[in-house]
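Trainee: Place chain F on chain B using the hints.
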Amino acid sequence: QLHLQESGPGLVKPSETQSLTCAVSGASISSSSDYWGWIRQPPGEGLEWIGSIKYSGSTSYNPSFKNRVTMSVDTSKNQFSLKLNSVTAADTAVYYCARHCGPGTGRRWFDPWGQGTLVTVSS
Amino acid sequence: QSVLTQPPSVSGAPGQRVTISCTGSSSNIGAGSDVHWYQQSPGTAPKVIMYGNNNRPSGVPDRFSGSRSGTSASLAITGLQAEDEADYHCHSYDSSLSGYVFGTGTKVTVL
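Residue numbers (this note's numbering), protein chains in the order written: chain B, 42 to 164; chain F, 212 to 322.
For the record, the hints were derived by calculation from the structure and aren't laboratory data.
Chain F is nowhere near these chain B residues, computed Cβ spacing over 10 Å in every case:
no. : residue
1   : Leu43
2   : Leu52
3   : Val53
4   : Lys54
5   : Ser60
6   : Ala64
7   : Ser66
8   : Ser69
9   : Ser72
10  : Gly98
11  : Ser113
12  : Asp115
13  : Gln120
14  : Thr161
To list a few chain F residues with every Cβ distance to chain B over 12 Å, as calculated:
no. : residue
15  : Pro225
16  : Gly290
17  : Ala293
When the alpha-carbon atoms are kept at most 30 Å apart in a straight line, the in silico DSBU-like pairs for lysine-lysine are as follows:
no. : chain 1 : residue 1 : chain 2 : residue 2
18  : B       : Lys107    : B       : Lys54
19  : F       : Lys258    : B       : Lys118
20  : B       : Lys124    : F       : Lys258
21  : B       : Lys54     : B       : Lys118
22  : F       : Lys258    : B       : Lys107
23  : B       : Lys95     : B       : Lys107
24  : B       : Lys95     : B       : Lys118
25  : B       : Lys95     : F       : Lys258
26  : F       : Lys258    : F       : Lys318
27  : B       : Lys124    : B       : Lys95
28  : B       : Lys124    : B       : Lys107
29  : B       : Lys118    : B       : Lys107
Here a beta-carbon is modelled for each residue, glycine too, at the ideal position from N, C-alpha and C.
Excised from the complex, chain B in its bound form (with noise of 0.2 Å):
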């Protein structure tokens, strides 16, 4: 069975860079056509698209972040990262990330997702 999980510093400072893994397990990233992905939502808010990477290092980004988000991947330890550089207070949320999977480009959905990890912009 598919499982995901988030880890990473839960504080961050204002102006410094965000970095978390999602460790996949039950299934090899590299030998997946799938995307992994990242979403976050902010307390009491919906969900945002972060940006999506797959195994070969192809990315897709949310143009919202496109200048401060960088995704990898490491097929050696079946992992995937997300950095997001000069976070704000806006960057407060729970982060999640996520298999997205499907067919194609604009028919893919997420599934399964990890359990989140909430990550505070604070001095």
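Mentor: Just chain F now, with coordinates in the frame of chain B:
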């Protein structure tokens, strides 16, 4: 600011039918992008309950159904049960934004 609009809340008595709308535009739902739906109980991660417009994952009751028409989509819950009380989010792809978008979210309350 989401490009997919949902009603903030809907409610119904046990056994009733409720529908949740997801209104988009010609660059997402109207362009033919698939619509997916997620259920999120308090303090938990979202779970897909409908993918590819009207496909239910294994384990999701057939009380849930999805449809789409023009620039909108809907999720219907028939025979509403207490366990259906949760937040529901629609999700699609927007060609103008070249990215994936979520709806504003709807809280379903079972009276």
